[in-house]
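If you're matching them up, the sequences are chains S and Z in order.
Following my numbering, the numbering of the first sequence begins with 1 at its first residue and continues without gaps.
Following my numbering, the numbering of the second sequence begins with 1001 at its first residue and continues without gaps.
A portion of the hints provided could be inaccurate.
As the list claims (entries may be wrong) - Among chain S residues calculated to face chain Z with C-beta under 10 Å, some are: (1) L123; (2) I179; (3) A204.
Said to hold, decoys possible - Beyond 10 Å from chain S on every Cβ pair, some chain Z residues (computed): (4) D1005; (5) G1052; (6) T1112; (7) T1159.
Just so you know, these hints were derived from the structure itself, not from any lab.
Since the structure is predicted, the reported quantities are computational estimates derived from the model, not experimental observations.
Cβ atoms here follow ideal geometry from the backbone N, Cα and C, with glycine treated the same way.
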Amino acid sequence: MSSVTSMSEAVSSAIDDGDSVYLAGFTHLIPFAAGHEIIRQEYSNLTIGRATPDLVYDQMIAAGCVEKVVFSWAGNPGVGSLHAFRRAAEDDVPNAIELEEYTHFGMATRLYAGAVDLPFVPLKTFAGSDLPDHNDNIRPVESPFGDEEVYAVPPLTPDVAVVRAQRADEDGNCHLWGIHGEQKEAALAADTVILSVEELVDTATIRSDPNRTLVTGDEVDYVVNCPYGSHPSYAQGYYDRDNEAYLNWDETARTVEDTEAWLEEYVHGVADREEYIRKLSSDRLLDLQAGNSYSVPVDLGGS
Amino acid sequence: MEYTDTELMVTAAANRLRDGDSVLVGIGVPNLACNLAKRTHAPDLTMVYESGVIDANPSSLPLSIGDPVLVSGAMNLESLHGGFNYYLQAGRLDAGFLGGAQIDRHGNINSTVIGDYEDPDVRLPGSGGACEIASNVERTLVVTPHDRRRFPEKVDFVTSPGYLDGDGEREELGLRGGPAAVITDMAVMGFEDGEMVVESLHPGVERSAVQEATGWELQFSDDLTTTPVPSDDTLQLIREELDPDGVYL
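Isolated chain S, as found in the complex:
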């Protein structure tokens, strides 16, 4: 049963040092607020998983929270490298990180296996690539129905997943629209789930459109009402990606000094997401307002 709480409470209750955590989201609805709270609470030795570690994982690595990264593409999307990730991987700064590397389909399939509780799932990729030579979790299997050989991956079952959606009721029944990424599989695969949303709505709103439901409240342990919780990533229909922030991070993250100064100002220097958003100028927030594009209502019928 889920409960509505603050991000600070949700994170401190759900996550322990050394846990494996999965902050879900594929370019859309990245849980930046949760990542910053993890940094603020000075977690250590975390294993962090995500297909696309981006700025928020770069920031968590720079802050020294991370021991291991399970991933498939570590970059600043549309911009270039993740400099803190590279410093850790190439030069052990601020600490060495272990890398466990897949392809996007490999990661998505591991989460799927975790979500449906299968010991492994076969997939058609990895053949001819050097990746299986460096990851014991990618193994060839022969079809039990013929002589075709494919690869297989085991389930990924994070201790904690943070998932985001546009709206939920107080029980954690939630609606997501736009790019789904791996939010559903992450929620179903993890032991404990923190759901962070742009707004809380009543249950009737969720029941009015069940096709749009990501997961029901049964899967959710903590519900956090967190407007702008994905900035500088975006929430479809709520606000656009703050591209300037992605470009600025490419400069900031190039040196340890600038990175630490940024973390001091925007993470340690604020109490929570609301204070972080208040630091941004209103002009900037207005520029990020999404335009309108409504879907045509559907008739679900009824008596």
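Position chain Z relative to chain S; hints supplied.
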């Protein structure tokens, strides 16, 4: 009209796309190439993105492969698993664009590390969906600047398989399709018997310059031609409608 290297690459990439193709697109040159093809010879081209967007119809240039403009007006959205599972793995895509830090004579691509995997000189972003794209589309199209560093005889790490050792290993592994074209700022290359072959040189580029920028003895087609330059209409379309703010040009 004068044209830039990027405009020539966009045009050359668009020329490799066919009407009716379903294409796995990236941002930058591939995105412009798909939009150019759609506006000219391939109106029924379908743009698919790794983020699960199927048949995107963006009103402006996307900043990333998961940009909200790709979602508004799209025909379908799949989850990350759904897009790779139902579309790529199932062989529903005709062509796909890839970049990468290195590509070798057999079209193998490296986007993982420069140097040793365990102790890399440069840690690159990794596969993302590149391995799946290279393994499952019929025609892999590569767009990259042309220099010796990027064109070694053998890549440091095979992230995405091309023709592997060039001796039929790709077919033996059951991989679909394969690298079809490499489009650079100097030339357009295709593949014959699993080996890269220069098909056309860009205007003003000498054979020796392309050889100099490549880390092995490069094959040139017997029918070597000059890459067609973009027409004035094409340039106008690219500059005024496809990338009016000059983000990628």
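Comparing the hints with the structure gives:
no.: 1; hint: L123; verdict: 7 Å, holds
no.: 2; hint: I179; verdict: 5 Å, holds
no.: 3; hint: A204; verdict: 25 Å, violated
no.: 4; hint: D1005; verdict: 20 Å, holds
no.: 5; hint: G1052; verdict: 6 Å, violated
no.: 6; hint: T1112; verdict: 8 Å, violated
no.: 7; hint: T1159; verdict: 6 Å, violated
In terms of the numbered hints stated before, the structure departs from hints 3, 5, 6, 7, listed from lowest to highest.
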